[in-house]
Structures are given as structure tokens and as C-alpha cells.
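Q: The primary structure of each chain is shown beneath.
2 protein chains.
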Amino acid sequence: MKNENIKSVPLVVIKRLPRYYRYLGELLKQGVTRISSKDLSEKMGVTASQIRQDLNCFGGFGQQGYGYNIEKLYQEIADILGLNRGYRTIIIGAGNLGHALANHSNFEKRGFKLVGIFDSNSDVVGSKINNLIVSHIDDIETFFENEGADIAILALPKSSVKEVADRLIALNIKGLWNFSYTELDVPDNVAVENVHLSDSLMTLSYKLTELNE
Amino acid sequence: MKNENIKSVPLVVIKRLPRYYRYLGELLKQGVTRISSKDLSEKMGVTASQIRQDLNCFGGFGQQGYGYNIEKLYQEIADILGLNRGYRTIIIGAGNLGHALANHSNFEKRGFKLVGIFDSNSDVVGSKINNLIVSHIDDIETFFENEGADIAILALPKSSVKEVADRLIALNIKGLWNFSYTELDVPDNVAVENVHLSDSLMTLSYKLTELNE
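Sequences listed follow chains A and B, in order.
Residues 1 to 213 in my numbering are what the first sequence lists, from first letter to last.
Residues 1001 to 1213 in my numbering are what the second sequence lists, from first letter to last.
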């Protein structure tokens, strides 16, 4: 059920939640149970007032003078982000990037379930990655008939990503995590998140250039 | 030489420049030479007024009624971002992710020069990736004495990244592109850009959850 309180939270705040989630997770691991916005702000390098503003968007988790209950806040953020729902996830593209993502233990920890890996290269099909056997991309329709998936990770070349995305959309995929260096046209009911690695490298290049001039 | 005009451009605008750069590059490839802020805004899905505001930060590239000279704007953005300076780049970690990044052709196109790959695993040391032989991480000091590098891509496990980052900082590395799911403490004269893949996946999870509730 949708939490009506969070309906109008701006995406810019949502984009900061994963970072809060990571920091709070680290604190929990260290056995910390409460933290003030001031201490959290020092750890995260943002202002305490931003933290209070951000977290107030979701109803006050903090108590004046007592700080935040970390465990509770951590769980609430997980709920808002839709973690721990066991979203069934497949990877398209069993190259180096697909391998790296399949072996990324954080994904399972965040509640995503890796249920299939597909590739078009017959040299790779049948091999095993992280306990899953790589299937041929042409078996994807059958896979959706029998099992289905919520999220597809697109770790395949730019040249074939549009065709594959269209096939997945026809199969009612709900979300695409796109590593393919191109932007996709998708219907409004499909969520997309693009990872543009070269944008990040260009931002680094800017910072480095600024520092050295 | 530093361009004093761009001194006070907020980082949020800088972060948008790589996207402009990508779109302008696509247009150039298609043979387009001029574009209005209105047409660019439709392509990029942002408002024309944001485009005008962003690009005005760097001195007016556009001419009222004539639109932007794409080639000139593309080159200016490259200069601002410090692309095409031939930054010498090394990869630390020759696992799947290191492989994927080494084979990522966009980096060389953006003007970064891959000059070395290092790993601590002797099974991998000596193997060849993208015409470079993987060196042992313990040869990194010698490498810096003889050749040096500007940017290190950290594609190694969280458990060893801090130690390696400290070694690189002692060797006067200028920039770190960090894929290691942990934040690094670095001196002010070292540029860092973190790639938190799981943050991006969590953002996708949020969008997908919103759409399906």
C-alpha cells in the first residue's frame, strides 16, 4: 500500500536516501542505535539542517534531544525505497560487466533476487556464473512465461540494447537498469535508471582539472 | 590557465555538462551543426530555460535566433571538463569490473589514456588486458618513479581499497575514481568521484515501487 505521506517527496531527496541507508547500515553494524542529526551530518559531510529537512519529508523519525532511532529509520528508508521486496532480477549480457554485477554481493543483501542471466553469444551460453547457468537471449520469452522477472540489468552493447529493451517491455518488465551508454525510450509504466559511467569519469576530470590549475 | 568566468559555476551545473556533452556528440555524429535551446530541450527532456541558464554560466555560446554552434559548444564543454588532456589513467584491480572498464572504448574517446593495470593476485599478474600486461600492485611505486599516472580507477574490494588509496596518495595521484562501495578520506588536493552502483539500483527500486503501488 502506498504511503500517502511520501507522495510529494522530490526526486532529489529520494536520490539521497540510498546514501543515508548506507551510512545507517554502517552504524548499525558498529552497534550504534541512536544518532543526532548533528553527528550524522559530521559523518556524511552534509548540514544537520539538510538531514532534518530530508528526513522530515517522511514524517518525523527523530525525537528532539534524543536523536534518531537508527534501526527504525533504516527500516523506514528500506520500505520507502522498496528494498527487501525480493524483486526478481535478471542480467542481460554475460560479459565482464555482467559477471561483475552478478558477483556483486550487495545486491542480494539489498533484497534483490538474481534469477537469470542471458546472452546471445553461444560460447557463453551454458556456462555458470554465481550458480546460475547463462541462457540464450532467445529463451527469454519462455523464461517470462514460466518464471518472470521484475528488473532487467542491461549490460550489453549499445548496438543491441534497444531491441532487447523492446522485447523486455513487451514481456511487461517493470524496471530497467541500463548500463548501455544510451538513453532508452520506454512507456511511462516502466522504471529506468541509467548508469552513465563516462559522465562520472568526466565529473572526476573536471574536479581534477579545477584542482590542478 | 584557469578560465575565471567559470570559477563560480555550481557543481550541480557541472554535473549536467557530461550529459550535454553526450547529446551534442550524438548530434555532431548525425551531421547537425546548429541547434536551438528549444530543440535541444526536447531531445534532452529538460526545459529550454534550464539549458539557457546552464550554458550562460560559461559565457553565451548561443546567438539569439541562430541557436547554438554545436561544434564550438562541444569543444568548450570538453575544455571545461578537462577532457582531451590525455590524463594518464591506471586501473587497480583486474577482476571482472577492471576488465569491463579496461575494455570500455568511451574512455579513450574522451581523452583518457589507459597506461597500466595492477592487481595483487599472482594468477592474474602477467596476463594481458586490452594490450596492457597486468602488473603486481607492489610494482606501483616503481611505476610512479618511471612513468606516473594522473587518475587511478579503484576496482578492487572494499577490504583493500583504503590501503591502496593511501599508497596512491603518497605517490601524488591527482584523481581517484572509486568503485569500491566505501567512501575514502583524501587530502583536499586529490579529486574523488565515487560510483555507488547500489545507490543507483536503490533509486530504480524506488521508482519501480512507486509505479506499481
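Just so you know, the hints here were simulated from the structure itself, not pulled from any lab data.
Treat the hints with care, since some could be wrong.
Once the Cα atoms are required to be at most 30 angstroms apart in a straight line, the calculated DSS-like pairs of lysine-lysine come out as [claimed, not checked]:
#1 B:Lys-1162 - A:Lys-162
#2 A:Lys-29 - B:Lys-1043
#3 B:Lys-1072 - A:Lys-43
#4 B:Lys-1072 - A:Lys-38
#5 A:Lys-15 - B:Lys-1128
#6 B:Lys-1043 - A:Lys-158
#7 B:Lys-1128 - A:Lys-29
#8 A:Lys-162 - B:Lys-1158
#9 B:Lys-1162 - A:Lys-29
#10 B:Lys-1207 - A:Lys-29
#11 B:Lys-1072 - A:Lys-72
#12 A:Lys-207 - B:Lys-1072
#13 B:Lys-1029 - A:Lys-207
#14 A:Lys-43 - B:Lys-1029
#15 B:Lys-1072 - A:Lys-15
Derived, one-sided and incomplete: chain A residues facing chain B with beta-carbon distance under 10 angstroms [said to hold, decoys possible]:
#16 Asn-96
#17 Asn-103
#18 Gly-148
FRET-style restraints, in silico, Cβ to Cβ [unchecked claim]:
#19 B:Glu-1071 - A:Asp-139: 15 to 25 angstroms
#20 B:Thr-1182 - A:Lys-15: 48 to 58 angstroms
#21 A:Glu-145 - B:Leu-1028: 39 to 49 angstroms
#22 A:Thr-47 - B:Glu-1163: 27 to 37 angstroms
#23 B:Glu-1163 - A:Asn-130: 21 to 31 angstroms
#24 B:Gly-1086 - A:Asn-130: 48 to 58 angstroms
From the three backbone atoms N, C-alpha and C, an ideal C-beta is built for every residue, glycine too.
Q: Decide if the proposed pair is consistent with the structure: B:Lys-1162 and A:Lys-162, CA atoms, cutoff 30 angstroms inclusive.
A: It is violated: about 39 angstroms lies between the C-alpha atoms, which goes past 30 angstroms.
Q: Do B:Glu-1071 and A:Asp-139 keep their Cβ atoms within the hinted range of 15 to 25 angstroms?
A: For B:Glu-1071 and A:Asp-139 the Cβ distance comes to about 46 angstroms; the hint is violated.
Q: How does the Cβ-Cβ distance of B:Thr-1182 and A:Lys-15 compare with 48 to 58 angstroms: does it lie in that range?
A: Because 19 angstroms falls outside the window, the suggested range is violated.
Q: Does the Cβ pair A:Glu-145, B:Leu-1028 satisfy 39 to 49 angstroms?
A: holds, 44 angstroms
Q: For the pair supplied as a hint, B:Lys-1072 and A:Lys-15, confirm whether the alpha-carbon distance does not exceed 30 angstroms.
A: violated, 33 angstroms
Q: Next pair to validate is A:Lys-162 with B:Lys-1158; report whether the Cα-Cα distance is within 30 angstroms.
A: Violated: A:Lys-162 and B:Lys-1158 sit about 34 angstroms apart, past 30 angstroms.
Q: Compare the distance between the alpha carbons of B:Lys-1162 and A:Lys-29 with 30 angstroms, and conclude whether the hinted pair is satisfied.
A: Since the Cα atoms of B:Lys-1162 and A:Lys-29 sit roughly 19 angstroms apart, the hinted pair holds (cutoff 30 angstroms).
Q: For the pair we were handed, A:Lys-207 and B:Lys-1072, check the Cα-Cα distance against 30 angstroms.
A: holds, 22 angstroms
Q: Are B:Lys-1072 and A:Lys-38 close enough, with their CA atoms no more than 30 angstroms apart?
A: violated, 46 angstroms
Q: For the hint 48 to 58 angstroms, verify it against the beta carbon of B:Gly-1086 and that of A:Asn-130.
A: Since B:Gly-1086 and A:Asn-130 have Cβ atoms about 38 angstroms apart, the given range 48 to 58 angstroms is violated.
Q: Given the proposed pairing of B:Lys-1207 with A:Lys-29, does the C-alpha separation stay at or below 30 angstroms?
A: The hint holds at about 27 angstroms.
Q: Given the hint that B:Lys-1128 pairs with A:Lys-29, test it: the Cα-Cα distance must not exceed 30 angstroms.
A: violated, 39 angstroms
Violated hints, listed in ascending order, are 1, 2, 3, 4, 5, 7, 8, 11, 14, 15, 18, 19, 20, 24; each of the other numbered hints is respected by the structure.
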